[in-house]
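Engineer: Sequences and hints are given; from them, build the entire structure.
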Amino acid sequence: MTALLLAIKWVLVAFVMIGAVPLLVANYQFLLVALHFRWQHYGKCRAYFPRTAILIPAWNEHAVIGASIDRLMKLEYPLDRLRIYVVDDASTDATPQVVQAKAAQYPGCVVHLRREKGGEGKAATLNHGLGIILADDWMQAVLIMDADVIYEADSLRMMTRHLADPRVGSVTAYIKEGSRPGNYLTRFIGYEYITAQAAARRSQDVLGVIACLAGGAQLHSRANIEAVGGRVDTTTLAEDTVTTFRTQIEGRSVIFEPHATVWAEEPGSIVGLWKQRLRWARGNVQVTRMFKHLWFRHQRGNRLGSISFGLLWFCLLLLPAIMVLASASLVTLYFIDFQLAWTAFHVLWLTNVITYIFITSFALMIDPDVGRRTWRQALMFPGLVNVLILLAAILPAPMYWISVEIIKAVGLSPTHGWVRGIELFTYVWLAACMGVAYLGKLAEPRWSGRVLSPLFVYVGGYGPLLCAITTAAYWKEFRHAEQKWDKTEKTGKVAAPA
Amino acid sequence: MGQDREDRQGGGARMTGHHEPARPGEPAPAPGQPPVATSFDEEIRSAVSYERGLAVKCLLALALVAVILALRVYFFG
Numbered sequence: 010m011t012a013l014l015l016a017i018k019w020v021l022v023a024f025v026m027i028g029a030v031p032l033l034v035a036n037y038q039f040l041l042v043a044l045h046f047r048w049q050h051y052g053k054c055r056a057y058f059p060r061t062a063i064l065i066p067a068w069n070e071h072a073v074i075g076a077s078i079d080r081l082m083k084l085e086y087p088l089d090r091l092r093i094y095v096v097d098d099a100s101t102d103a104t105p106q107v108v109q110a111k112a113a114q115y116p117g118c119v120v121h122l123r124r125e126k127g128g129e130g131k132a133a134t135l136n137h138g139l140g141i142i143l144a145d146d147w148m149q150a151v152l153i154m155d156a157d158v159i160y161e162a163d164s165l166r167m168m169t170r171h172l173a174d175p176r177v178g179s180v181t182a183y184i185k186e187g188s189r190p191g192n193y194l195t196r197f198i199g200y201e202y203i204t205a206q207a208a209a210r211r212s213q214d215v216l217g218v219i220a221c222l223a224g225g226a227q228l229h230s231r232a233n234i235e236a237v238g239g240r241v242d243t244t245t246l247a248e249d250t251v252t253t254f255r256t257q258i259e260g261r262s263v264i265f266e267p268h269a270t271v272w273a274e275e276p277g278s279i280v281g282l283w284k285q286r287l288r289w290a291r292g293n294v295q296v297t298r299m300f301k302h303l304w305f306r307h308q309r310g311n312r313l314g315s316i317s318f319g320l321l322w323f324c325l326l327l328l329p330a331i332m333v334l335a336s337a338s339l340v341t342l343y344f345i346d347f348q349l350a351w352t353a354f355h356v357l358w359l360t361n362v363i364t365y366i367f368i369t370s371f372a373l374m375i376d377p378d379v380g381r382r383t384w385r386q387a388l389m390f391p392g393l394v395n396v397l398i399l400l401a402a403i404l405p406a407p408m409y410w411i412s413v414e415i416i417k418a419v420g421l422s423p424t425h426g427w428v429r430g431i432e433l434f435t436y437v438w439l440a441a442c443m444g445v446a447y448l449g450k451l452a453e454p455r456w457s458g459r460v461l462s463p464l465f466v467y468v469g470g471y472g473p474l475l476c477a478i479t480t481a482a483y484w485k486e487f488r489h490a491e492q493k494w495d496k497t498e499k500t501g502k503v504a505a506p507a
Numbered sequence: 360m361g362q363d364r365e366d367r368q369g370g371g372a373r374m375t376g377h378h379e380p381a382r383p384g385e386p387a388p389a390p391g392q393p394p395v396a397t398s399f400d401e402e403i404r405s406a407v408s409y410e411r412g413l414a415v416k417c418l419l420a421l422a423l424v425a426v427i428l429a430l431r432v433y434f435f436g
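The listed protein sequences correspond, in order, to chains Z and S.
Position one of the first sequence corresponds to residue 10 (the working numbering), numbered consecutively onward.
Position one of the second sequence corresponds to residue 360 (the working numbering), numbered consecutively onward.
Just to be clear, a hint being listed does not mean it is correct.
Below 35 Å or equal to it, Euclidean Cα-Cα: the simulated DSBU-like pairs (lysine-lysine) are [what the hints assert, rightly or not]: (1) Lys485(Z) / Lys502(Z); (2) Lys502(Z) / Lys416(S); (3) Lys284(Z) / Lys126(Z); (4) Lys502(Z) / Lys284(Z); (5) Lys416(S) / Lys53(Z); (6) Lys284(Z) / Lys493(Z).
If you want a taste of the chain Z side facing chain S, the calculated C-beta under 7 Å gives, among others [claimed, not checked]: (7) Val42; (8) Ala43; (9) His45; (10) Phe46; (11) Tyr51; (12) His268; (13) Ile366; (14) Phe367; (15) Ser370; (16) Phe371; (17) Val394; (18) Ala401; (19) Ile403; (20) Leu404; (21) Ala406.
Don't read these hints as lab results, they were simulated from the structure.
Every residue, glycine too, gets a C-beta built ideally from N, C-alpha and C.
Structural biologist: Here's what the structure looks like:
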């Protein structure tokens, strides 16, 4: 019986320690960023200006499409090597009129393609355009973008310079959150994009494998788009990720160009964010299943099967499950062996402290411009309660003293039971923070949502909110829920800084 | 003024005309104001230099972690 109990204890400790794996992998990922100066593609770049077809899928984009075309015509790129194809997915607003007016304004540079039967999703819209573009031999490269994004004037030529190397199939840019004036949520997204794009994609560049071309900024050579079948995947919600994987499976490189900046409008509401990220997360689950044969298996000609890439991919995908596992294990351990639970928790949270300080400070330095605007959200990314727990892990004595003083201040007695209660709460919070962040979504449409919704996100955490969305994606995929393309609403409030 | 702008004034003759593919390394034509070869080299140097700077920033972040851990061990342990 004692041996069984001992075994259970150590299994539970192991489960808690699994919670540290995503943290260690995140640190590893950021350390790789520091090596990007050695393992990047600039040595093989040339000034190269292939004839580029810009493909824009558009459904009811009249608010943004005209300005987007105007900005594209101002790119630092030879205009005779640029054509804009707007695939109008049976829009019911003024999109066709706006695009036709631009086609008249920029003769020969703007092409309006109309789909009479729409609503089949972005991938089907892209395939309509790709079919037409590939039918003639003018195009040497195709840039797939969204209708609302703003390309900085030098961004396209910074991307095309990598295609001078014929081994490169695709190039992606650094998408930045550009909503102005923006709100707390767009600033969270702004910071998130430093970590998820500027940092994560640099590290993937170092590893020689990219997880996903940004949907709004993917440049493909003609040879590559033909090699992947001349069309994008329509069976999943992550057609950009599938194209990225197929490009690398075909033996071509995918490059992240961090200095090519593209500004995008991101959701300013949790409901909008939920819709967008649920689509992304479900797409990732589907991609994981679709390419199940390659995880952690050596692949000839690409590094998709490398251990590093597999760890990066699965730590992100399984993070909510890992958090729940660690939390449940800690709570169980608390009732079996209080002291062992405390030790395991302490080790986990010291790892968390190191990760938090390293990643937050480094991320803010990776993109100081965005960092200056989003440092508060960076600090609060894990949520207020988690930040307090982190502080307690760094400064146990002062935090204990503060806790005791607070308990006294509210007229209670700081008994041993209180302290143990707080400890149990912190174990539960590891998973419960996702639920609290989710309350932000529930509160948002209500009359009190204006105050309560940000409050729940700040207390629960933006990171845990993303984990809650991933959990919802697991559930939707498990139930084989309907797979519909919920387009993110764009209003044209994106602006590149002057 | 390069051929592109002339084409534009001609009403989009580029659409049907024959296009020489751009070759890697060749300087860009004029209209969209792409950089000349020297500034291309400068841009590459600047990009690599920025990436090198990130290695230094990474060390700074690690130093911050070390300082906080040292404070934790020696003063708040």
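Engineer: Run every hint past the structure and note whether it holds.
Structural biologist: For each hint, the structure was consulted:
1. Annotation: proposed proximity of lysine 485(Z) to lysine 502(Z) holds, straight-line Cα distance about 31 Å (limit 35 Å).
2. Restraint check for lysine 502(Z) and lysine 416(S): satisfied, since their Cα atoms lie roughly 33 Å apart, inside the 35 Å limit.
3. A hinted pair counts as satisfied when its Cα atoms are at most 35 Å apart, and lysine 284(Z) with lysine 126(Z) qualifies at roughly 24 Å.
4. Taking the CA atoms of lysine 502(Z) and lysine 284(Z), the gap is near 19 Å; set against the 35 Å cutoff, the hint holds.
5. This hinted pair checks out: lysine 416(S) and lysine 53(Z) have alpha carbons roughly 26 Å apart, not beyond 35 Å.
6. Note on lysine 284(Z) and lysine 493(Z): the hinted pairing holds, with a Cα-Cα distance of about 11 Å set against a maximum of 35 Å.
7. Using the Cβ-Cβ criterion of 7 Å, the hint placing valine 42(Z) at the interface with chain S is satisfied: the shortest such distance is roughly 6 Å.
8. About 4 Å separates the beta-carbon of alanine 43(Z) from the nearest beta-carbon of chain S, less than 7 Å, and the hint is met.
9. About 5 Å separates the beta-carbon of histidine 45(Z) from the nearest beta-carbon of chain S, less than 7 Å, and the hint is met.
10. Below 7 Å, beta-carbon pairs count as interface contacts, and phenylalanine 46(Z) has one with chain S at about 4 Å; its hint therefore holds.
11. Residue-level restraint check for tyrosine 51(Z) holds (minimum Cβ-Cβ distance to chain S is 5 Å; threshold 7 Å).
12. Interface restraint check for histidine 268(Z): the shortest CB-CB distance to chain S comes to about 5 Å, inside 7 Å, so the restraint holds.
13. At a threshold of 7 Å, the smallest CB-CB gap from isoleucine 366(Z) to chain S is about 5 Å, leaving the interface hint in force.
14. At its closest, the beta carbon of phenylalanine 367(Z) sits 5 Å from a beta carbon of chain S; the interface hint therefore holds under the 7 Å criterion.
15. A distance limit of 7 Å between C-beta atoms decides the matter here; for serine 370(Z) the minimum to chain S is near 4 Å, and the interface restraint holds.
16. Interface hint at phenylalanine 371(Z): satisfied, since its Cβ lies 4 Å from the closest Cβ of chain S, which is below the 7 Å cut-off.
17. The beta carbon of valine 394(Z) is not positioned within 7 Å of any beta carbon in chain S (closest approach about 20 Å), and the interface hint is therefore violated.
18. Annotation: alanine 401(Z) was flagged as interfacial toward chain S, and the flag is violated, the nearest CB pair being 10 Å apart, outside 7 Å.
19. At its closest, the beta carbon of isoleucine 403(Z) sits 5 Å from a beta carbon of chain S; the interface hint therefore holds under the 7 Å criterion.
20. Against a cut-off of 7 Å between C-beta atoms, the interface hint on leucine 404(Z) holds, since the closest Cβ of chain S lies about 5 Å away.
21. For the restraint placing alanine 406(Z) at the interface with chain S, the shortest Cβ-Cβ distance is roughly 6 Å, inside the 7 Å limit, so the hint holds.
Consistency with the previously given hints fails for numbers 17, 18, ordered from lowest to highest.
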